[in-house]
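S.K.: Chains as they are written, first to last, in the working numbering: chain A, 142 to 219; chain B, -1 to 330.
In short, the hints are calculated from the structure, not lab data. Bear in mind that the values here come from a model prediction, so they are computed numbers and not experimental data. A couple of the hints might just be wrong.
Within a straight-line C-alpha distance of at most 30 angstroms, the following computed DSS-like cross-link-like pairs (lysine-lysine) qualify [stated by the list, open to error]:
#	chain 1	residue 1	chain 2	residue 2
1	B	K285	B	K193
2	A	K196	B	K252
3	B	K34	A	K202
4	A	K196	B	K324
Pair ranges (Cβ atoms, derived) [as the list claims (entries may be wrong)]:
#	chain 1	residue 1	chain 2	residue 2	range
5	B	P215	A	E167	50 to 58 angstroms
6	A	K202	B	G197	41 to 49 angstroms
7	B	R12	A	T169	45 to 53 angstroms
8	A	T149	B	L167	51 to 59 angstroms
9	A	A193	B	R12	38 to 46 angstroms
10	A	T149	B	S147	37 to 45 angstroms
11	A	D209	B	K34	22 to 30 angstroms
12	B	L204	A	A193	28 to 36 angstroms
Just so it is clear, CB atoms sit at the ideal spot from N, CA and C, and this is done for glycine as well.
Spelled out from the first residue to the last, the chains are:
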Amino acid sequence: MPKIADPTPMRWQSVGMWYAARYVLEPTQEHYQQLELFVHQTVLTGHTDTLASLKTEWADKLPAGTFDDAAVEEHDHA
Amino acid sequence: MQLLMIWLGALMDRDMDLADAIAPELTSSFKVPRVKAALTEFLPNWQFGQAVYRWLHVPTADNSQRVVKIIQALRDLGVETDAHWFELMFNRVQVGKVYHNQHLVDHGVHIQHGDTAAAVVHNRRLQLHLSIREVARASSTSAIRRFESGQTRLSFGSLVRLTGELGLLVSQVLATPVPAGDGSPALLTLRTTFKRVNGLDRARALPIIEQFLQQQPYMPQKTERAERLILLAATKQGLVDDAETQQEATELAKGMLQMNLWGSLETHATIPLATILPPAQLSLLFKKGWRVLARHPYTVGANYYFWGMSDAIRRIVRNFDAEAAKNFFTDV
């Protein structure tokens, strides 16, 4: 699933949901790193809508700090 | 969106007076979470523009690196079109030079909104101060005159040439039907009806749904049932999860699995189906959809497929046992 040839917001969001949900189901180091990388790329590329959805949807099921990198970047960009 | 494009153009020309003048309005428009839904698809352009803007004001290696990192992130995720476009743009910025043509005169032309293809073409032609004769090579003077006055239609080839003469895309002329402005009701599409009833209280949505369904009296019952299911799912109350709905959903999914080309109905249908079907069926459905989209990237309403996909993931992870959920992720 995760390759985003045509990066519409909905598509980007569903890829994020996929990474987050997969880690929730199988919390391995590898899955977490992939999720972390996706969050980082999402912040870098400015898909803040996806980031907001992921936080709302999964923050309670993900390790604290998953979105810390995002917080730093967002602050940096403000 | 137009303002964002002008701003990016100003950055490419290093026209900092213009860029500085526009930036505050854009900053306000793209402020999260207030950013409007229609603008979200331009968030990456805004992000890229901001990085370039920062580099133009403070041309350090760090700021340049930030621009390069955005391009690299897009490339890593397979978004080659945007990566390539941003790369070309950044190359252009580095050699950009502001040039103002002092001979340009602002005629202050008022842009008229057109409700029909003919009106869009007519208004655009007047806006550009072009006579019918000047755009006639797209067709003929009389054909264009008759087209603009609604007396005839143009062949697709002529329309392509005419829009080209006027600097328009054919899609801008043949957009979603909108009210004609003369009081006559416009034809509703599934997409526009879906948007209208999305999140609306069911009691208020039902008359809109009926209006949509009644305008197509010759529609096969099977299609009408599918459209009703899709539109009811979009309402605030969603679908009632009973045996009848289950049956409708299963039949709809079965049909979609047999199709190699999806249209608006099928892409929209993934949303109600995501809330009704069990994980194993959803897995088959989304796998099929993925293959269809891979083969036909410009499938109408592809976004709705991804909307349905997000809903399916959310529901499966939260409402089903881990094994069923894992199978969904392995399969899709």
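S.K.: Each hint should be assessed against the structure and marked as holding or not.
M.R.: Evaluation of the provided hints:
1. B/K285 / B/K193: holds (26 angstroms)
2. A/K196 / B/K252: violated (35 angstroms)
3. B/K34 / A/K202: Holds, because 28 angstroms separates the two Cα atoms, which is no more than 30 angstroms.
4. A/K196 / B/K324: With a Cα-Cα distance of about 22 angstroms, the restraint between A/K196 and B/K324 holds, given a limit of 30 angstroms.
5. B/P215 / A/E167: 50 to 58 angstroms: Distance hint for B/P215, A/E167 holds at roughly 51 angstroms.
6. A/K202 / B/G197: 41 to 49 angstroms: violated (25 angstroms)
7. B/R12 / A/T169: 45 to 53 angstroms: holds (48 angstroms)
8. A/T149 / B/L167: 51 to 59 angstroms: The hinted range 51 to 59 angstroms is violated for A/T149 and B/L167, with Cβ atoms some 18 angstroms apart.
9. A/A193 / B/R12: 38 to 46 angstroms: violated (33 angstroms)
10. A/T149 / B/S147: 37 to 45 angstroms: 38 angstroms Cβ-Cβ, so the 37 to 45 angstroms window holds.
11. A/D209 / B/K34: 22 to 30 angstroms: Given range 22 to 30 angstroms: holds, Cβ gap about 28 angstroms.
12. B/L204 / A/A193: 28 to 36 angstroms: holds (32 angstroms)
The structure shown violates the earlier hints numbered 2, 6, 8, 9.
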